[in-house]
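Those protein sequences? They're chains X and Z, same order as listed. Using our numbering, the letters of the first sequence correspond one by one to residues 1 to 223. Using our numbering, the letters of the second sequence correspond one by one to residues 1001 to 1133.
Any given hint might turn out to be false.
[Unchecked claim] Computed from the model, here is a short list of chain X residues facing chain Z with C-beta under 7 angstroms:
#1 Phe-40
#2 Ala-42
#3 Ile-45
#4 Leu-46
#5 Leu-57
#6 Thr-82
#7 Val-84
#8 Leu-86
#9 Ser-89
#10 Gln-100
#11 Leu-203
#12 Ile-213
#13 Tyr-214
#14 Val-222
[As the list claims (entries may be wrong)] Cβ-Cβ distance ranges computed for the label pairs, FRET-style:
#15 Ser-32(X) x Leu-1031(Z): 25 to 35 angstroms
#16 Val-80(X) x Tyr-1027(Z): 18 to 28 angstroms
#17 His-22(X) x Ile-1047(Z): 48 to 58 angstroms
Rather than coming from a laboratory, the hints here were simulated on the basis of the structure. The beta carbon of each residue, even a glycine, is placed where N, CA and C say it ideally should be.
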Amino acid sequence: MNASNHGATVDGVVPGEPPHIHHMDTPTAYQSAKLGMWLFLATEILLFGGLFTAFALYHWMYFDEFHHAAKELDWRFGAVNTAVLLFSSFTAALGVDAAQRGDNQRCAKNLLITIVCGAIFMVIKGIEYSSKYHHGLFPGTEFWNSPEFTQQYKMYFGLYYCMTGLHAFHVLAGMSLLFWVYLHARKGRFSERYYVPVEVGALYWHLVDLIWIYLFPLLYLVG
Amino acid sequence: MGHSAHHAFEKMPTEDHSDDLGHASPYSTYLYIFITLLALTVATVGITRFDFGSWNIVVAMVIASIKAMLVALYFMHLKYENVTTWLYAAFPIVLLAIMMGGIFIDNPFRTHGREMVVETKAPVSAAAPAGHH
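Chain Z extracted, bound-state conformation (with noise of 0.2 angstroms):
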């Protein structure tokens, strides 16, 4: 099966079109990145012995984002993709913040029913201010 790569040299006259495609990583990447990919996996079951309180979902995040960077730096090739790749991955990454920046933000003013907890200098007014539901 080793030959099969020397025939593209051997049938192009002046270009080689191998360049043209994709970049093909060694084996070994693929392994290493498994490998890590496992340590990781057996990390965020292990890390879950230490309670750090609200940070445990921080923490869990964090991990899993390192496994999603390697899955996709390395094993969706996007460390070797152009710019153009990288801005369509990355958009949806930053709507998503976006999304959920801009829920975190409106959810604690939508009280309907519940105290909200908001120190002011000034009295708080008895009337709730006019929001949506």
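The following block holds chain X by itself, in its conformation from the complex (with noise of 0.2 angstroms):
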């Protein structure tokens, strides 16, 4: 059973127990651990808030060229990454809820499932990206630089290129983060005393969620 092993690993690590902290009892440095990623979370939200900020501006500034340039976006990729988040979000809930009850297994596999999602998010976003490549809507193609297209029309893309990729970038590590934890979780690392990394494991991933449900409506139905 995990919980009831008290015999330390080689890096003297106890499974189920919290990692001995000097000056700090078990339920301060949860505290703070938690307290430090919501810090953390804090950051990216201005991040990925100012690129908001810039696709709303400009969103309003040319709403014609935006209205026109979104329509090369499918909605229905982003309404099904939309889904394939949510319910990885939903995943990584359940894993904090097993960690919390000390049921290890359960963790692992919820976090795996969540993992899973994000790299069919990752698969679906690289359809879309090189569709448009091959539209020649990128940078520095020829098509990109004929007159036809407006600075106003290429500043959607610019924005949509950025924002998306930025949140890309998010949920692969993300996903590292969460192998991390699992990989934990397989060798029965937490329990109700200790399940602090998978928590803001999640929490981490809940962020990458809740910017891509901002995302979703922006880019795709609204431009």
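Assemble the dimeric complex from its two separately framed chains, guided by the hints.
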């Protein structure tokens, strides 16, 4: 059983027990870790917030051009990706729930599903990007530099690639983070008394989902 | 797997440490929230059939914000967090509002060769007001 094994592993880690931290009791360490992640999430919100502000402004200034450019996007890809990420948030929350109840195997299973959903998201995004590339809607192509495209039209795509690209990068980062947590869950590392890595990993993943919740309507539906 | 929850209570002397850490919602909560999120996504797409003109973006953002609040409150457990965490979560929103508000107030006054649409009683001066570029 995971929680009742008191034998330390090679690196001194006792499965199910929080790592020993000097000058801090476990509940304080737990709250501090979560607060640290929330602080980081705050910086991420502002990071994307800057891009969202840029999009909001130029959407307002060049409404017709943006509306025209947005027609190049297929909302069905966006909708499927939204469903995939929402489901992955659901399984991430279930992973935390499993860890809270000391069920490492259920936690590992849910985290794995979450990571796979992230991979599915990346594949769909890759399909979208490559289709755009084949239509020449990419900076640097001859098609792109032709005079029929106004600056404003290209501005939409500049924002589209920056925002979805940065988001995709965050999806990859989240997948890596959760994979690390998954490996530890498989080894029975977590318990009712120690599950904070699962929780902060899931918090990061929820943020990735949150950002997409806003990206989808802005880029695919309203633009 | 169910008896692992009882182990925690068997070992504890007098304190119940399970209260020191986070709140565990029942499985059904997560399921209902997920279904609601899916329904709201369908609504987000469905609402595009109606044209509210320049209010389109407002409607879309309102629905997106409801979805965001559900994810934050229930999946991220914000509903059960302390005040400090709420402050950490709310602060960037306030900053964002200031940034967006400031930009949208400032932008109409950057005229650079386009006409500024402002009705004034006094005759409009031919010289453009001194400003930054």
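Can we keep the Leu-57(X) interface hint, with Cβ of chain Z closer than 7 angstroms? 6 angstroms, holds
Go through the hint on Ala-42(X) and say holds or violated, using the shortest Cβ distance to chain Z against 7 angstroms. This interface hint holds because 4 angstroms falls under the 7 angstroms limit.
Taking 7 angstroms as the limit, does the beta-carbon of Leu-203(X) come near enough to a beta-carbon in chain Z? It holds, given that the least Cβ distance between Leu-203(X) and chain Z is near 6 angstroms, below 7 angstroms.
Minimum Cβ distance from Ile-213(X) to chain Z below 7 angstroms? 5 angstroms, holds
Against the range 18 to 28 angstroms, how does the distance between the Cβ atoms of Val-80(X) and Tyr-1027(Z) compare: consistent or not? Check passed, 25 angstroms falls within 18 to 28 angstroms.
Chain Z contact restraint on Phe-40(X) - CB to CB distance below 7 angstroms: 10 angstroms, violated
Could one say that the CB atoms of Ser-32(X) and Leu-1031(Z) fall in the range 25 to 35 angstroms? 31 angstroms, holds
Per the CB criterion, is Thr-82(X) less than 7 angstroms away from chain Z? 5 angstroms, holds
Can we keep the Val-84(X) interface hint, with Cβ of chain Z closer than 7 angstroms? 11 angstroms, violated
Taking the least C-beta to C-beta distance, is Gln-100(X) closer than 7 angstroms to chain Z? This hint holds: Gln-100(X) lies near chain Z, its Cβ roughly 4 angstroms from the closest one there, short of 7 angstroms.
Taking the least C-beta to C-beta distance, is Leu-46(X) closer than 7 angstroms to chain Z? For Leu-46(X), the interface hint holds, since the closest Cβ of chain Z sits about 5 angstroms away, which is under 7 angstroms.
Is 48 to 58 angstroms right for how far apart the beta carbons of His-22(X) and Ile-1047(Z) are? 54 angstroms, holds
Checked against the numbered hints given earlier, this structure breaks hints 1, 7; the rest are met.
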